[in-house]
Amino acid sequence: MSGWLLALIQLMIFVLGAPFLVIWIKQVKCRLQNRRAPSFAQPYRDLGKLFRKQVVLAENASPLFRMAPYIVFAATVLAALTVPLIAIKLPTAAIADMLVLLGFLAIGRFFMTLAGMDVGTAFGGMGSSREVSLSSLAEPALLMVIFTLAMTAQSTNLSSVMQYLLDVGVVLRPSLLFALLGLMLVAVAETGRVPVDNPATHLELTMVHEAMILEYSGRHLALMEWAAYIKLMIFGVLIVNIFFPWGLATDATLPALAIGFAAMVFKLLVAGVVLAVAETRLAKMRVFRVPEYLNLAFLLALLGALSHIILEVGV
Amino acid sequence: MALDLALYAVLAALISSAVSATAFRIPAVLRFLAFPLIGVSGACGAVAGVMALTDGSVLSTSLPFGLPWLEWQLRLDVLSGLFVTIIGIVTFAVAVYGPGYVREYEHGSHPLAQLGIFTGLFIAGMFLVVLANDAFLFMISWELMSLSSYFLVMFHHEQAANRRAGFLYLLMAHVGGLAILLSYGVLATFGDGFSFEAMRNAPLSPLWASVAFALAFIGFGMKAGLVPLHAWLPEAHPVAPSHISALMSGVMLKVAIYGFIRMTFDLLGEIQWGWGVVALLLGSVSALLGVLYAIQQNDLKRLLAYSSIENIGIIFLGLGMSMIFIGTGLPALGAIALVAALFHTFNHAMFKSLLFLGAGNIVQRAREQNLERMGGLMIRLPYTGVFFLIGCVSIAALPPFNGFVSEWLTFQAALQATALENGVLRTLIPFTAAMLALTGALSLACFVKLYGVAFLGQPRSRRVRHARRTALGIRVSQGLLAVICLLAGVFPNTVVNLLNTIPNMFIGTDLAAATSRGWLWLTPIAPEVASYSAPLVLVGILAAWLLTWWFIHPRGARGVRRGPAWDCGFGPLGPSMQYTSTAFAMPIRRIFQPVWGIEEKIEREVDSHGLRVTSISHQQHIYDRSWATLYEPISRWVLSAARRVSRLQQGNIRVYIAYSFFTLLLLLWVIS
Numbered sequence: 001m002s003g004w005l006l007a008l009i010q011l012m013i014f015v016l017g018a019p020f021l022v023i024w025i026k027q028v029k030c031r032l033q034n035r036r037a038p039s040f041a042q043p044y045r046d047l048g049k050l051f052r053k054q055v056v057l058a059e060n061a062s063p064l065f066r067m068a069p070y071i072v073f074a075a076t077v078l079a080a081l082t083v084p085l086i087a088i089k090l091p092t093a094a095i096a097d098m099l100v101l102l103g104f105l106a107i108g109r110f111f112m113t114l115a116g117m118d119v120g121t122a123f124g125g126m127g128s129s130r131e132v133s134l135s136s137l138a139e140p141a142l143l144m145v146i147f148t149l150a151m152t153a154q155s156t157n158l159s160s161v162m163q164y165l166l167d168v169g170v171v172l173r174p175s176l177l178f179a180l181l182g183l184m185l186v187a188v189a190e191t192g193r194v195p196v197d198n199p200a201t202h203l204e205l206t207m208v209h210e211a212m213i214l215e216y217s218g219r220h221l222a223l224m225e226w227a228a229y230i231k232l233m234i235f236g237v238l239i240v241n242i243f244f245p246w247g248l249a250t251d252a253t254l255p256a257l258a259i260g261f262a263a264m265v266f267k268l269l270v271a272g273v274v275l276a277v278a279e280t281r282l283a284k285m286r287v288f289r290v291p292e293y294l295n296l297a298f299l300l301a302l303l304g305a306l307s308h309i310i311l312e313v314g315v
Numbered sequence: 316m317a318l319d320l321a322l323y324a325v326l327a328a329l330i331s332s333a334v335s336a337t338a339f340r341i342p343a344v345l346r347f348l349a350f351p352l353i354g355v356s357g358a359c360g361a362v363a364g365v366m367a368l369t370d371g372s373v374l375s376t377s378l379p380f381g382l383p384w385l386e387w388q389l390r391l392d393v394l395s396g397l398f399v400t401i402i403g404i405v406t407f408a409v410a411v412y413g414p415g416y417v418r419e420y421e422h423g424s425h426p427l428a429q430l431g432i433f434t435g436l437f438i439a440g441m442f443l444v445v446l447a448n449d450a451f452l453f454m455i456s457w458e459l460m461s462l463s464s465y466f467l468v469m470f471h472h473e474q475a476a477n478r479r480a481g482f483l484y485l486l487m488a489h490v491g492g493l494a495i496l497l498s499y500g501v502l503a504t505f506g507d508g509f510s511f512e513a514m515r516n517a518p519l520s521p522l523w524a525s526v527a528f529a530l531a532f533i534g535f536g537m538k539a540g541l542v543p544l545h546a547w548l549p550e551a552h553p554v555a556p557s558h559i560s561a562l563m564s565g566v567m568l569k570v571a572i573y574g575f576i577r578m579t580f581d582l583l584g585e586i587q588w589g590w591g592v593v594a595l596l597l598g599s600v601s602a603l604l605g606v607l608y609a610i611q612q613n614d615l616k617r618l619l620a621y622s623s624i625e626n627i628g629i630i631f632l633g634l635g636m637s638m639i640f641i642g643t644g645l646p647a648l649g650a651i652a653l654v655a656a657l658f659h660t661f662n663h664a665m666f667k668s669l670l671f672l673g674a675g676n677i678v679q680r681a682r683e684q685n686l687e688r689m690g691g692l693m694i695r696l697p698y699t700g701v702f703f704l705i706g707c708v709s710i711a712a713l714p715p716f717n718g719f720v721s722e723w724l725t726f727q728a729a730l731q732a733t734a735l736e737n738g739v740l741r742t743l744i745p746f747t748a749a750m751l752a753l754t755g756a757l758s759l760a761c762f763v764k765l766y767g768v769a770f771l772g773q774p775r776s777r778r779v780r781h782a783r784r785t786a787l788g789i790r791v792s793q794g795l796l797a798v799i800c801l802l803a804g805v806f807p808n809t810v811v812n813l814l815n816t817i818p819n820m821f822i823g824t825d826l827a828a829a830t831s832r833g834w835l836w837l838t839p840i841a842p843e844v845a846s847y848s849a850p851l852v853l854v855g856i857l858a859a860w861l862l863t864w865w866f867i868h869p870r871g872a873r874g875v876r877r878g879p880a881w882d883c884g885f886g887p888l889g890p891s892m893q894y895t896s897t898a899f900a901m902p903i904r905r906i907f908q909p910v911w912g913i914e915e916k917i918e919r920e921v922d923s924h925g926l927r928v929t930s931i932s933h934q935q936h937i938y939d940r941s942w943a944t945l946y947e948p949i950s951r952w953v954l955s956a957a958r959r960v961s962r963l964q965q966g967n968i969r970v971y972i973a974y975s976f977f978t979l980l981l982l983l984w985v986i987s
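Chains as they are written, first to last, in the working numbering: chain A, 1 to 315; chain B, 316 to 987.
Hints listed in this document are in silico derivations from the structure and should not be mistaken for laboratory results. Be a bit skeptical, because a hint or two may be false.
[Stated by the list, open to error] Where chain B lies over chain A, by a calculated footprint (3+ residues, C-beta under 8 Å): (1) 91 to 105; (2) 115 to 125; (3) 147 to 155; (4) 187 to 200; (5) 272 to 283; (6) 287 to 293; (7) 299 to 309.
Cβ atoms here follow ideal geometry from the backbone N, Cα and C, with glycine treated the same way.
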């Protein structure tokens, strides 16, 4: 019972902390670019404002358009529920393994792209078309990363993978290095960050995520945005907790959890800095350069899997 | 008992076929008698199949027809049971759907009797194929199935394109049938008998077993629509009436899968892993090419037909993996892959039939088969809209629906590839799994396109704008299949438990571990290795949805205001300003360009000063590469061979008499 309670608390931290990660990245980016940063409360204020605003729907919006934000948000929250944040071996981790996690993200993508096409604007269709095209290239790369991890740890359960990597300690494995690089590239693409998509964009012909949710307003928009924040956090947590699992609480005692929390915050802040630096250094790519970028991600992930199969199996 | 019921199913289908003959005079017979009889047939089949699956025993009997020394032998075991269930459920749904669908044909020029007669024969043929226990009955019912479906494909024969599709279908069905016949011939020669019992005990050398396998693979692969033997499928499936398309895509392809499994896992004895590699490779190629072609189609039913090729590819991928595992001495892993493939077979039958029935309703209500002229159908056909969405969600493999479970199981089986000794296989299987992931993501793209263009947005033509009213039976039949899709997805353990009997029979092992932790958890290998709880996923999504709604929904009067679409402040929106189906698929077309043969023609007209473009016309045609690379060379070769042979024809009677004379001499010489 306490396990489920802990999982719920962890979920609350996940959902409420996600906007903080976003504003942290923005803060670091602003510092790097010599701009004044918005305050740390800004994304919360934005969400609060949107929740209070009235919803304006397009005249020809179908019921699906109104349902989609809830489904997208629910699927993303459920995905967050299955990702170990500060403690592993929680009962919720068994609901879904890494492949199901991909499935949850796919639900979100499915309904978000459909919602983009619902009102019938050219922008929405364009965003949806690009989103499904690019993410279908990201999918095999992500799967190869999962395969490398699963073959290493003999399990597709995230908890087991983290536990395994925690137990063996730091071993320099080429497969994991390639997998990490692949996952980082895919994470940037999946969460719509520079150089694939620009989250700060608006009214640009290159926008992808923003184009799909152009017609949303009020609480619907808030849910869509929040789901995007959570998705960013999910990928961040996956990267830091799988490849750098130190500090994760393996039992439910208070000191262990406190250490786990502190370690998680520290690792995510560092990851945020890395992303901010990368975004400052890089320029956004043309849309049709992105397939090459994703092919690189797939190649790295494939190299990871191959080097695991050739070098590490049975050794 | 179960076998008797299955025979009643065949009988009911045959009676339905017979009574349809009277529809020449009284068209209403079809609605009030023929379709209810098909419904009885489907219900009997479904019950019989489930009974056989739960019971797990082998029932056999023989009927006093056929050759003097070989009565028709029938057998119902668990494998037949699964396929009888599949045929039964879809047939039942089609029977509920049919009356509302054929109503409008009653006043048309098409002879309804033809539709009724051949539908009944088609269904009876499919039931008999999976019940047959000797090669003779198998081939007879196989031909019954192929021929009757040919007449159904030709139902709208007034269009030349349909006649061409029908001829192609007939031709390829018979080339495939020939390969199957030869394959049985090999087995019958070595086993000294046409019955499957004799074939099972046939002492085959590995070489002859491989020959028989190759022939069976070509024959059944052709019927199932494996690339590159698929050319007939996207031509023939879309032109049949929609409930027949549902039967063909949903069920007839599965009958080919049945034949393949019966041959390789049952009759041929020892499975060689090399066969598995062939099935695995062709399966993944079919899956990927199928979905890539599907996504570029603008014809609703053609898109669905190509998507069937994709799903058949996924099934063969699972079967191939299973054969590799069994052939290398890992039957426990082979069982996982086999169950995954069988689960996907069941799932594809359900959601593809659902989608074809929905497509039929759209075609009938909106009089439009081209996606480029659809749009906004969700508001106009709400029931079909919801059920079609469930079909799309299932086929795009999203949790907690059924398509996800079978793909998940396939991935789990692929993950166990590290247990293999052979390094090449160990690399090959994860790579095909990555192709499967690409296929899955592309099929999501494909069905987002299909649903988004057809059901969302604004209608792009007048007839689509006025689409209304769906008959009750049409709604109910789609609802039935949609509920099955959901239930099979949320309670996968029940399905896996039923399917477990099949690997148990063939390889003596099953997935006992999969359901060992009760109905809530699916754990194909072990709980700590992988687990998935579909009921909790469903509850979780609904709970998160309701909680979110409850928290943020305003209590006061500030609800929702309707206004014109914003569209970044650009002018008023027209239906022609929406993203089209062609446009939606454009990034994928550009990324995977070499896959298709694309003919593109852009014509610009400029005004007299040559400065301003006054009109642009854009034509694009996408054709299947397999035509140019495989079929056209073969057809050229056949034609030139025929031309050479035709030199014998002189048109002179004396020459012909000379031919007869010399033939006679030759024969006499041979005999003496």
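Broken hints, by number: 4, 5
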